[in-house]
Amino acid sequence: MIHFYHVHQSYQRNILALKDISFDCLRGEFVFLTGASGAGKTTLLKLIIREEIPLQGQILVNGQNVSSIPVNKIPRLRRAIGVVFQDFKLIRGKTVFENVTFVLKTLGIDLKERRKRAYHVLKQVGLQHKTNAYPLELSGGEQQRVAVARAIVNDPVLLLADEPTGNLDPDMAVEIMNLFSKINRRGTTVLVATHDREMIRRMGKRVITLDKGQLIHDTGSQMQIEET
Amino acid sequence: MIHFYHVHQSYQRNILALKDISFDCLRGEFVFLTGASGAGKTTLLKLIIREEIPLQGQILVNGQNVSSIPVNKIPRLRRAIGVVFQDFKLIRGKTVFENVTFVLKTLGIDLKERRKRAYHVLKQVGLQHKTNAYPLELSGGEQQRVAVARAIVNDPVLLLADEPTGNLDPDMAVEIMNLFSKINRRGTTVLVATHDREMIRRMGKRVITLDKGQLIHDTGSQMQIEET
Amino acid sequence: MLRYLIFAVWEAAISLWRSRVLNLLAVGTIMFAMFILGSFVLVGINLQKITVNWRDQIQFNVFLADDIDQSQIEAVRGTIEGSMLVKSAQFISKHRALELFGQDFPTYQTTVNALEKNPFPASFQVSLIRGTERAQFDELRVVILSREGVEEVYYDEEIFKRLDFFIRLIRLAGWFFGSIMVTSSIFSISNVLKLTFFTRREEVDIMKLVGASRAYIRGPFIVEGILIGLLGSLLGVSLVYLGHLLLQTYVADAEPFLMASLEPVFLPMSWVFILVLAGSLSGFLGSLFSLHQFLEEHISYQ
Amino acid sequence: MLRYLIFAVWEAAISLWRSRVLNLLAVGTIMFAMFILGSFVLVGINLQKITVNWRDQIQFNVFLADDIDQSQIEAVRGTIEGSMLVKSAQFISKHRALELFGQDFPTYQTTVNALEKNPFPASFQVSLIRGTERAQFDELRVVILSREGVEEVYYDEEIFKRLDFFIRLIRLAGWFFGSIMVTSSIFSISNVLKLTFFTRREEVDIMKLVGASRAYIRGPFIVEGILIGLLGSLLGVSLVYLGHLLLQTYVADAEPFLMASLEPVFLPMSWVFILVLAGSLSGFLGSLFSLHQFLEEHISYQ
Ligand SMILES: Nc1ncnc2c1ncn2[C@@H]1O[C@H](COP(=O)(O)OP(=O)(O)OP(=O)(O)O)[C@@H](O)[C@H]1O
Ligand SMILES: Nc1ncnc2c1ncn2[C@@H]1O[C@H](COP(=O)(O)OP(=O)(O)OP(=O)(O)O)[C@@H](O)[C@H]1O
Ligand SMILES: [Mg+2]
Ligand SMILES: [Mg+2]
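Protein chains in written order, with our numbering: chain D, 1 to 228; chain A, 1 to 228; chain E, 1 to 302; chain Z, 1 to 302.
Among these hints, one or two may not hold up.
Have a look at the derived ranges for each label pair, beta carbon to beta carbon [unchecked claim]:
| # | chain 1 | residue 1 | chain 2 | residue 2 | range |
| --- | --- | --- | --- | --- | --- |
| 1 | E | 129 | Z | 250 | 21 to 31 Å |
| 2 | A | 197 | Z | 5 | 50 to 60 Å |
| 3 | Z | 74 | E | 129 | 47 to 57 Å |
| 4 | D | 202 | Z | 202 | 36 to 46 Å |
| 5 | A | 174 | D | 202 | 45 to 55 Å |
| 6 | Z | 74 | E | 71 | 51 to 61 Å |
| 7 | Z | 102 | E | 245 | 52 to 62 Å |
| 8 | E | 129 | Z | 87 | 31 to 41 Å |
| 9 | D | 185 | Z | 202 | 34 to 44 Å |
| 10 | D | 137 | A | 27 | 28 to 38 Å |
| 11 | D | 137 | Z | 4 | 32 to 42 Å |
If you want a taste of the chain A side facing chain Z, the calculated C-beta under 7 Å gives, among others [unchecked claim]:
| # | residue |
| --- | --- |
| 12 | 79 |
| 13 | 93 |
| 14 | 108 |
In case anyone wonders, no lab produced these hints; they're calculated from the structure.
In this text, a Cβ means the ideal position worked out from N, Cα and C, and glycines have one as well.
Whole structure, please, built from the sequences with the hints as guidance.
Written out as C-alpha cells, the structure is:
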C-alpha cells in the first residue's frame, strides 16, 4: 500500500527533516508511527498525500508513484485517502455536516445519502448532536473528532491519522482507536502517528519509530505471511 | 487567587456549558483540571481571562472581579496571566521570537532584554534553534512549546495551560510539567487542563474534575494550612 | 454538467451569504467603480449631444452674383440641397437681405433706405447636418464655388475651428478618460475580489487536501465573483440612473428656455448592457486570476 | 510617547513588508482611485482655463451717434475704461468702420466705396475680463447707455447665453462629479483597507488575548493605513502627472496654431497636497473604522 524507497526531505538547506526513509506497508496493515516532537512524522504523512514532494527518493501509494503522478490525478489520490490532520484543518465557514460531507458533495452524492453517511460517522465519534455547529463552537476534542469523522466518511482505502487523540480523554481515545481497528478489519490500511505509548502498547500493532528524521526502529509487518 | 462562586455559562439556550461551578484556588497552588472532551475545561479558563463573561455567578481573579472590571483594565489583567491555549493561538505573520516577546515589546522592554528573555524561555522548552522560524514552519509539538514559552516569558502570577502536552511525546511532556512545577515553586499559581491521567497521577497535585459542565470532584487544596 | 453547475451556484450562494459583510464591501467598491464609469459615459453622451446641437447651428452663406438668373439660382439650389451634408437651405433675395440688414442694425435703417442701389447680394443661408467634419465642408465648398453665379461662400472660420477643436477635445478626453476608467474599474474590481478571496486561502487549501478537484474548488469561487460583479454593476447603473433623475430635475428647473433640446438623456440600453456585462466579466476574470494567484499557489499540485 | 510612536511605525513597516502582496493590492486600488480623482481635477482645471479663454473673447460694441463730439467720446471712453469688468476698449472711428466692413465683406467693397455718405457709426469695441457674469454685464450696459452720444450697446445675446450656460454646466458637472469622486474614492479606499485588515482579525484577537492594550494593537494598524493611503495617493498623483505629460505632447503635436493659450497646465501644488492629504486621511479613517468594525468586535472587552 505504501512504499518508501530512500526518501529524503528537507525544508532548509543542510537540515534534513527526513533522512533516507525506506519502509513498506502492506494493504490492510495497521501501523503506528512514533517519535519525539519534531521527528518528522507529519512530514512523512504529507509526502504520502503529495502535500509535499520529496527531495529525493520514491514513494508509491496504492500503486501510484506520488512524486510523478499528473496534477489532475492528485484529487482522486487524495479522495482515496482519509486524513486526520494534526491541526484538524476544518473549514471555519462551514458547519460540521458540511465539513464532513464536502467531498461527497463534489462527487455528486445527493443530500439524503450525505445526511445518512454524516449521521453514521458522527455517531461513531459521538457528535451526532453537533451536526449543525460551526468548528469554532466546538471544544478541542470535538473538533478532533469531526476531523476523524471526515477522514472516514468516504470509506478510504488508506487512513492516515496524525495525533488523532491528542485532545481526547483516555476513554474517548480508546473508543477512537477501536473505531480505527474496526475500519482496519474491513480492509482499510491505517497509519497512525502518535505519542501515546500506552495506546501503542495496548494495541500491539506494528510500530515505526522516527528520531530526528531517521527511521530508527520498525517492529516489522505482521501480515507478510498473509499477503505473500 | 481564583475564586468561582456559583458560576454558570451557556452558549446555546437551555444547554449549560458550565453549571453552578464553585471552587477556590489559593496563591501558589498547582491544580489540574480534568474531564471528558466537551466537559467545559476550556470554557472555565476562558472565563478566568475574561474572554467570556459568565451567564451567572462571580469570578474573582487576583483580587479582581473579572466580570465587572472596566474594559481598559482587561489588558493588564491578561498580562498578569500566562496562557497556553489549546489551539496555541500563535500569530502566523510573526516569527517565534516576535510571538514570544510581543507583549514585552508593548511594555517598552528593549530589544536586548527581549532577546535575553526569549532565549531563556525558548531554551527551557528546547526551541532555541527555532527563534526565527514562523509558526507554520514548526511541527505541532514545536508550536505547542512556543505557546508555553510565550505564556511564561512575562513571569505571570497565574499560569493557565489548556492541554499543553497533547502534541508532545511523553519525555517532552514530563519536561514541560517539570518546568511548570519549577515556575510554581517560584510562587506562580498554575492551573493545567489535561486529559493525561498518567501525568496527573505522577504529579500528585490537586485535581478538579468536570463532567458535562458540572464540578464532580475536587481533591481539595493541599495548601490550606499554609495560607491560613 | 448540470449537477456541477447547481453545485457551483449553490455553494457560491451559501458562501456569499455567510460572509456577507465582506462581500458587501466588495459589491460596494464595484458598485462605485461602475457608477463612476457609468456617470462618465452618461456625461459623455450628453456633452456630445450638446455639442452636436451647437454644431447643428453652424451655417454658411453662399453669396450670389447680382447678374445671376433664375435657372442658375435653381442650379445652385440643386447643388446645395443635393449634398448629404446640408440640412436646410434658405434663399435670401437681394431685397430680403436689405430688409434683414435693416432689422439687424436698426440704427442704419435710414441710411440704408436712402441708398439708390441695393448693395446686398442675394444668398443662400445653409445649415449643415449634425456632425459634419471640417474636411467634408471644405469639399462641399469647392463644389458650390464652382457653380456659375456663385460669388463667395462665406462662413465664420473662427467658430468652425473652435467648435471643431472643442469637439475633438471632448472626443479625445472621452477616449482618454474612458479607457482609464475602464482599466481602473476592472483593476479595482479584480483587486477587491482578490482581497475577498484572499481571506479564504485556508479554505481552499483544506478543500484541496481532502481531495476536491480543481473544478469543484474553482466553480463556486468563479460563480461568486460573477455574482458580485453582476450585483455591483447593477447597483452602480441604478445609481447612475438616480443621478440622471436628479440632474434632469435640476436642469428642468434651471433653464427652461434654453433646455428644450438639451434635456439630459439616460444611457441607451446597449450601454447599460455593456456596463453590466463588463461588471460580470471583471468579476469572472478577477476571481479567475485571484484563484490562480492566491488560492492555488500555496499548496501546489505541481 | 516617542517609544509608542516608534513601536507603532516599526510594527507597521514590518507588517507592510510581510504581507506586501496584499498591501500592494490595496495600494494599487487606492492609487487608481486617486488617479481618477486627480485626472478629473486636472481636466476640470484645464477645461475651466479653456472656457475662461473663450469667454475672454466676448466683446460688445458701443455704437456712437454720428453727431457725437470729442469730449463726449472721451466721457464714454472714461466710463468704459473705468469699469472693473473691462479688459480693453478700442475706439473705431466711422472711417475705420467703413474700412473694416470692406475687409470683412470684400464683395461689397465697390458698393461701399460708391456710397456718398459713410453709413457706419463710430464705436468702441470692448473686451470683458475673464469670468464676467451676465448680471454684471447688464449693469455695465445700462450705465454706458445712459451716457450722452451712445446710440446702442450691441452684443451677441446668443453667444453670451450659451457660454454662460456652458460654464455653468461645467461648473455643475464639476461639483457633481467632484463630490462623487471624492466620496467614492474615500469609500473604496476604506473598503480596501477594511478588506486588508479583515485578513488579520485573528492576529488582533490573539494580541488581545495575550494582554496587548488597545493603543498597541491599534497603533500599527492605523500607521499602516496611513502609509498605504499616502503611498497610494503619491503614486496616483504621479500617474496623473504622467497622463499630463502625454496630453501635453499630444496637444503640442496636434494643433500648434490653436494652442498657444491652451497648453494644458498641471495641478497646482495646493491640489497635489490636497490629494495626498486626502489619501492619507482616508487611510487613517479607513483603518480606524475597520479596526472598529472588524477587528474589535470578535473578542469584545465589553
Ligand atoms: N514548512 C516547514 N518549514 C520549515 N521547517 C519545517 C516545516 N515543516 C516542518 N518543519 C521542520 O521539520 C521537522 C519535522 O517536522 P514534523 O512536523 O514532521 O514533526 P513531527 O514529527 O510531526 O513533530 P510533532 O510530533 O511535534 O508534530 C521539525 O523540526 C520542523 O520544525
Ligand atoms: N463558542 C461556542 N459556541 C457554542 N458552543 C460552544 C462554544 N464553545 C464551546 N462550546 C460547547 O461547550 C461545551 C464545553 O466546551 P469546552 O471547550 O469548554 O470543552 P473542553 O472541556 O475544553 O473539551 P476538550 O477537552 O474537548 O477541549 C462543548 O460541548 C462545546 O461544544
Ligand atoms: Mg506533527
Ligand atoms: Mg478544551
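Verification of the hints:
The hinted window of 21 to 31 Å between residue 129(E) and residue 250(Z) holds, with their beta carbons roughly 29 Å apart. As the Cβ distance of residue 197(A) to residue 5(Z) is approximately 52 Å, the hint placing it in 50 to 60 Å holds. Between residue 74(Z) and residue 129(E) the CB atoms are about 50 Å apart, so this pair conforms to the stated range of 47 to 57 Å. Checked against the hint of 36 to 46 Å, the pair residue 202(D) and residue 202(Z) passes, with Cβ atoms roughly 38 Å apart.
Checked against the hint of 45 to 55 Å, the C-beta distance between residue 174(A) and residue 202(D) comes to roughly 20 Å, which is inconsistent with it. In this structure, residue 74(Z) and residue 71(E) meet the distance hint of 51 to 61 Å, their C-beta atoms being roughly 57 Å apart. For residue 102(Z) and residue 245(E), the Cβ-Cβ distance of about 55 Å falls inside the hinted range of 52 to 62 Å, so the restraint holds. The hinted window of 31 to 41 Å between residue 129(E) and residue 87(Z) holds, with their beta carbons roughly 37 Å apart.
About 41 Å separates the C-beta atoms of residue 185(D) and residue 202(Z), a value consistent with the hinted range of 34 to 44 Å. Checked against the hint of 28 to 38 Å, the pair residue 137(D) and residue 27(A) passes, with Cβ atoms roughly 34 Å apart. Range check, residue 137(D) to residue 4(Z): about 37 Å between beta-carbon atoms, so the 32 to 42 Å window is met. A hinted interface residue such as residue 79(A) counts as satisfied when its beta carbon comes closer than 7 Å to some beta carbon of chain Z; here the least separation is about 3 Å, so the hint holds.
Evaluation of the residue 93(A) hint against chain Z yields a held restraint, the C-beta minimum of about 5 Å falling below 7 Å. Given hint, residue 108(A) at the interface with chain Z, holds; its Cβ is 5 Å from that chain's nearest Cβ, closer than 7 Å.
The structure is inconsistent with hint 5 alone, although it conforms to all the rest.
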